[in-house]
Amino acid sequence: MEEDQGLERGKSVFFEEAGELLAELEDALLELEDAPDDQELIGSVFRAMHTIKGSGAMFGFDEVSSFTHEVETVFDLVRAGAIPVTKNLIDLTLAARDQIMAMLDASRGGEPADDERAEEITGALRMLLPRGGVGDEADTGRVAGADKGAPLSGAGEDVGEESSYRIRFRPEPEIFSTGSNPLHLLNELSELGECRIIAQTDALPTIHEIDPEACYIYWDIVLTTSKGINAIRDVFIFVEDTSELHIEVIDKPDATDDETETEYKRLGEILVERGDVKPKDLERALESQKRIGEVLVEQELVNPAKIRSALEEQRHVRTVRKKRKAKETLSSIRVASPKLDQLVNLVGELVTVQARLSQVAVSRNDPQLIFLDEEVERLTSELRGNTMSIRMLPIGTTFSKFRRLVRDLARDLAKEVTMTTEGAETELDKTVIEKLNDPLVHLIRNSIDHGIEPPDVREAAGKPREGTVHLSAVHSGAHVLIRISDDGAGIDPEVIRAKAVEKGLISPDIEMSDKEIFSVLFAPGFSTARTVSNVSGRGVGMDVVKTNVESLRGSIDLTSEKGKGTTVTLKLPLTLAIIEGLLARIGDEHYVLPLSTVEECVELVSRESDGSGRRRLANIRGEIIPYIHLREQFHIGGERPDIEQIVVTRVDGDRIGLVVDEVIGEQQTVIKTMGKLCNGLKEISGATILGDGTVALILDVPNMIHSAMTG
Amino acid sequence: MDKTILTADDSASVRQMVAFTLKGAGYQVIEASDGEDALSKLDGSPVHMVITDLNMPKLDGIGLIKRVRSSTKYRFIPIIMLTTESQASKKQEGRKAGATGWIVKPFKPDQLLAVVKKVLR
Amino acid sequence: MPHTMDLQNNGDENTGRLVLTGEITISDARELKEVLLKAIDTADDLRVNMEGVMETDLSLLQLLCATHRAALRQGKQVKVEGKYPAAITRVVTDAGYFRREGCVAEARESCLWIRQEEDKDG
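Protein chains in written order, with this note's numbering: chain A, 1 to 711; chain B, 1001 to 1121; chain C, 2001 to 2122.
For reference, chain A alone in the conformation it holds in the complex:
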């Protein structure tokens, strides 16, 4: 490259130049010995060192440069009169000069320079420095300040996704006298991306008062770029110390997940954020029914250019969002959801057939068939994963629907509430998301109605007037955790307990942990809105919420701290259609246990503890675990085998063993819902078809544990 040629040329000139400088330096030093106060001579020694240092670094001779730096530092102080010229100094500097010469020779392929000698010299030079070392900030050494270096990135590279920025740039009035042209900066800025520039001229005086060489204009800029905020700062690098510069991010790609549409902030909001209008003035202006912009201008609370600038911002962000949306839509197609359901069903059947194929292949022991089966299994599994992912949707759309709910509820109840969200991009099966709507509405309603206190109450309690409802979604293994938390009044366990006792749900003398008490909230018949909201609790139809969530094979959990707030956590399966299951056999019957609930399988050897009744205990490695004998539970006839298996399951910390004849193995299980006939069965959540065509029931393990624990 030409530029590198420039460096190479410079390099060869540098050797020549350094040679000359060193020769001059020698002469100057010798003269200085006779005239130690000659400022001119001192200056030329300093300059020679300075040039060698600077140019040396320029062309990559770092050792030369940093060694010379030491001498330069000393002579800078000599120049300032802080160090006298002595014979010692001159001797040392002459030695340094020879050393530099040797170093330069070495870098041109000569004898290597003597490093120890260099250290001796620098050591001795440092002794000359006044106490505390260095004057000035001379010894910032070689830590090149990356930030204050030259603005180098030029056009710069993309540093990720496109964001929009709001920039206000107000140069110092004297900017023209420093040779800067603000229009150049604006041009440079618009090269970074989609850019709207609005000049603000309100500071401009009349021709009689104007200083013709001063800059009165300042700018509002809205910029959408993928180059990052540092690229924007780089544009202003030479003027940022002397200008007013505010840069804010106003839109990011994931921002639209939260918004239902491509809508953006309201005009008033933008003006307040920019500091162009006071919140109070805005409130007052909003009271009149006219267009806010007009009112503000009429009342001279803001000038038209500011309004225009804010409108431009609105327009800009909307356009950017629309474009982004269009881009997203372009790369996708719409499919009617029944088609998708059908696809899932077909894949389900394929999975079933494939399981049969595997069985046949193994039993025939035909290598060719086994090989084919393995191929089919691989493809089926991929197809299944793909199909499932099509059904996955981000939960953000649901979240954003609640904004309106929160806003309206807060207004109706005269409370101040904001909703924040997190993890809007988290994906869940479409069906799960649809069925989640009602429970979430319920829970949010509860948070605002019973959780968040009225503004005055909050203030008195030392909390911000505005309460927060936070919605979050996060993956956790095969589940998604959805949390609804508020910073409201929280729930007093004692109040709940008293209420539950009163209702006869628990007996008064029973010891209960807070967790257990809170679980009473979900008990059917615990609450109606009236009774509970009177005692500050919640529980409006919480049993309904619980039933809903459980129908999605999920679970619900509530924690609360009095005065601090309440968090409800929903744990939901990623998908409803296919699960990983553990296949087990009792007699001729097959059962599937969701693998996510299975902890381990052990043999049940001892029958000594085998009393009668439903609840029995097994000792597994010293731990006592209650177990259920499924053969008995399901009234299956026939002989019990000598060795049975206990499948240890765990849900939310509660463990229970389920005894079966034999554990067959893991199995991809396509869930078929069962008709109304089976609705009353607590232990069964569905059925599946096995490889050989027989039906296996899917056990509802959480429910079984629950009834075992409470029953």
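No wet-lab data here; the hints were simulated from the structure. Here the structure is a predicted model, which means the values were calculated and not measured. Keep in mind that the hints are not guaranteed to be accurate.
Derived lysine-lysine pairs resembling PhoX-like cross-links, with alpha carbons at most 20 Å apart [to be verified]:
#1 K1023(B) x K11(A)
#2 K325(A) x K265(A)
#3 K435(A) x K672(A)
#4 K11(A) x K1108(B)
#5 K1066(B) x K1023(B)
#6 K1023(B) x K1096(B)
Part of the chain B face toward chain A, derived, beta carbon under 7 Å [said to hold, decoys possible]:
#7 V1014
#8 M1017
#9 V1047
#10 P1078
#11 T1084
#12 A1097
#13 G1101
#14 P1106
Note that beta-carbon positions come from the ideal geometry of N, C-alpha and C, so glycine has one too.
With chain A's structure known, arrange chains B and C on it following the hints.
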């Protein structure tokens, strides 16, 4: 339109590198070996930008900047100073005297061009 | 830098016409201010012709706006006569100076830069 840049530096090697780089990018270059030399060369054909070292004999960089800023012809011309990072206070002084920007030595040719492009457009 | 700032006055009708040509930048700002001062002080109706402006910058826009402001206060008129040359259009665009409405309430009708956008939009 070819723009003319004056580069003032007492180091011939740095001047050489600057000049070569700028000429390669299509600029006309006038070289000066110190501040006074630079001033006299500014009197000749029109110059659009000045790149100056700070430590120079006769008239140093700060002095040069001040003189240029008080001239009628070049009061608003972009001036870039070449500094080393051990000269933070010098840089401030240069800014006060009216420098447009700076480049920290050592720099690479493309860094130089980026800055020139930035202030000259 | 070669430029002309030619001010013609018609004393009878109190009108003035200022013709600007060539390169008018920050270096010429003082001179331009004096000319504009004189122009607005000596005429009730000022026309500015910039068709011959070859190169300019923000300082010219500022000075013209400032003149316009003074005119509004004194109940006078300032108007741009003829076409906007490329040099002016470029600076007006770069500076984000296009206007849909005037910068101050009274300038809604008469802002010097509103026409720009109408021209552009067709």
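Structure-based check of all given hints:
For the hint linking K1023(B) to K11(A), the alpha-carbon distance of about 18 Å falls within 20 Å, and the restraint holds. For the proposed pair K325(A) and K265(A), the alpha carbon gap of about 17 Å is at most 20 Å, so the pair holds. Straight-line distance between C-alpha atoms of K435(A) and K672(A) comes to about 18 Å, which keeps the hinted pair within the 20 Å bound. Restraint check for K11(A) and K1108(B): the C-alpha separation of about 13 Å stays at or below 20 Å, so the hint holds.
Proximity of K1066(B) to K1023(B) is assessed by CA-CA distance (about 27 Å); at most 20 Å being required, the pair is judged violated. Only pairs whose Cα atoms come within 20 Å are accepted, and K1023(B) paired with K1096(B) is rejected, the gap being roughly 30 Å. A cut of 7 Å between beta carbons decides the hint on V1014(B): the least distance to chain A is about 5 Å, and the hint holds. Interface hint at M1017(B): satisfied, since its Cβ lies 3 Å from the closest Cβ of chain A, which is below the 7 Å cut-off.
For V1047(B), the shortest C-beta to C-beta distance to chain A is roughly 12 Å, which exceeds 7 Å, and the interface hint is violated. About 4 Å separates the beta-carbon of P1078(B) from the nearest beta-carbon of chain A, less than 7 Å, and the hint is met. Hint status for T1084(B) relative to chain A: holds, with the closest Cβ pair at about 5 Å, below 7 Å. Annotation: interface hint on A1097(B) violated; nearest CB of chain A at approximately 9 Å, more than 7 Å.
Interface hint at G1101(B): satisfied, since its Cβ lies 4 Å from the closest Cβ of chain A, which is below the 7 Å cut-off. For the restraint placing P1106(B) at the interface with chain A, the shortest Cβ-Cβ distance is roughly 4 Å, inside the 7 Å limit, so the hint holds.
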